[in-house]
Amino acid sequence: MLKSGDFAQELIDTGYDFFTGVPCSIIGNLITSLTNRPDVTYIPSVREDVAIGIASGAYMAGKKPAVLMQNSGLGQCLDALTSLNLIYKLPCLLIVTWRGCDGLDAPEHLVMGKACIKLLDTVGISHHIFDVDNTKELINMSYKYVSEKKEPVALFLKKGIID
Amino acid sequence: MNYSEAITTITELLKDQLVICANGMISRETFLIRDRVENFYMIGSMGLASSIGLGIALNKSSRKVIIFDGDGNLLMNLGSLTMIGALRPKNFLHIVFDNEVYASTGSQPTFSDKIRLEDIAKSARYTCVKKVTSTEVLRKEMVKLLESDGPSFLLVKISKNDRQSEIGRVTYSPEHIKERFMSAIN
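Note that the protein sequences, when read in sequence, are chains S and Z. Heads up: the first sequence begins at 1 in our numbering, then just goes up one per residue. Heads up: the second sequence begins at 1001 in our numbering, then just goes up one per residue.
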């Protein structure tokens, strides 16, 4: 299992320099790591669409933003992603924790757990899934994607990849 | 005071301030009255004008960021007021044009005829909260607010106006709106 601090370092080394989001237990330590760093900003948001709005503003002000959220939050921010980011070409990295991915989770996670990949396919947002060996590769690829395509990209993070 | 008078009064006083215009009538009126490179026109993502503006304000402290918000937009995202009040960006001026209806969809009522939006802003600890109902007072308050530290909140009471439904849309593509706005920021 990767240390959350090392994962944060990887994001920062790659070029991401502004973070916002809504917590999930899977990224609790990652949020703490980002919050404690003096060289980057983590802004806690009240909702996932607010985080998307803030990240979009940060991008226009010259930052390379990343938004952290649980997959439940994808539903909350779908309008922002489709009627702001995709049409204005406002990129951001979405780190989305994947609750309910194997059908074994609390009831509130099961429907979105099954649907979240299809949901992004439906609206045309590119996505990939972290495993223990590909974190560096996917973070690098995401940075290239947001820089060139100027669209959001989602990286799904299951429980057990970072501590 | 109608939208046109309020937006004319405010935009006459602007120099290089960055303005985020909420979707609907606010973007359309501002585009019609005084299109400028420092204007970002939202056409979707209702409710997020203040969040987009907050993301800019936190990262460009040298520039004043002004939000042209509406009562419907504000009520859709009240949580963002707590973030603005807590993070306290000095360069943030939140203007709410309050006509108590969703104007661009046929003037269905919001709740701002019964709930005082300025009291919500005060509770959220905006540094300065003002309410204006005439263009004369609006001009005076704007002159002061443009020079003072925020986050500030200015509630501009707007009368309902039938002409609004006839105003055309913003004619620029979303991508052009963004590119032009970014060239004005950076």
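These are calculated hints, taken from the structure and not from any lab test. Incorrect hints may appear among the rest.
Between beta-carbon pairs, the in silico distance windows are [what the hints assert, rightly or not]:
1) Z:1015 <-> S:158: 27 to 37 Å
2) S:44 <-> Z:1127: 43 to 53 Å
3) S:38 <-> Z:1148: 25 to 35 Å
4) S:123 <-> Z:1160: 31 to 41 Å
5) S:136 <-> Z:1148: 23 to 33 Å
6) S:163 <-> Z:1107: 51 to 61 Å
7) S:44 <-> Z:1119: 22 to 32 Å
8) S:150 <-> Z:1168: 26 to 36 Å
9) S:141 <-> Z:1168: 52 to 62 Å
10) S:136 <-> Z:1146: 27 to 37 Å
11) S:108 <-> Z:1032: 16 to 26 Å
12) S:141 <-> Z:1184: 27 to 37 Å
Which bits of chain Z does chain S cover? Going by a derived footprint, with three or more residues having C-beta under 8 Å, they are [unchecked claim]:
13) 1035-1043
14) 1170-1184
Virtual Cβ for every residue (Gly too), placed ideally from N, Cα, C.
Each hint tested on the structure:
no. : hint                         : result
1   : Z:1015 <-> S:158: 27 to 37 Å : 50 Å, violated
2   : S:44 <-> Z:1127: 43 to 53 Å  : 21 Å, violated
3   : S:38 <-> Z:1148: 25 to 35 Å  : 30 Å, holds
4   : S:123 <-> Z:1160: 31 to 41 Å : 35 Å, holds
5   : S:136 <-> Z:1148: 23 to 33 Å : 47 Å, violated
6   : S:163 <-> Z:1107: 51 to 61 Å : 54 Å, holds
7   : S:44 <-> Z:1119: 22 to 32 Å  : 25 Å, holds
8   : S:150 <-> Z:1168: 26 to 36 Å : 28 Å, holds
9   : S:141 <-> Z:1168: 52 to 62 Å : 42 Å, violated
10  : S:136 <-> Z:1146: 27 to 37 Å : 47 Å, violated
11  : S:108 <-> Z:1032: 16 to 26 Å : 46 Å, violated
12  : S:141 <-> Z:1184: 27 to 37 Å : 32 Å, holds
13  : 1035-1043                    : holds (count 3)
14  : 1170-1184                    : holds (count 6)
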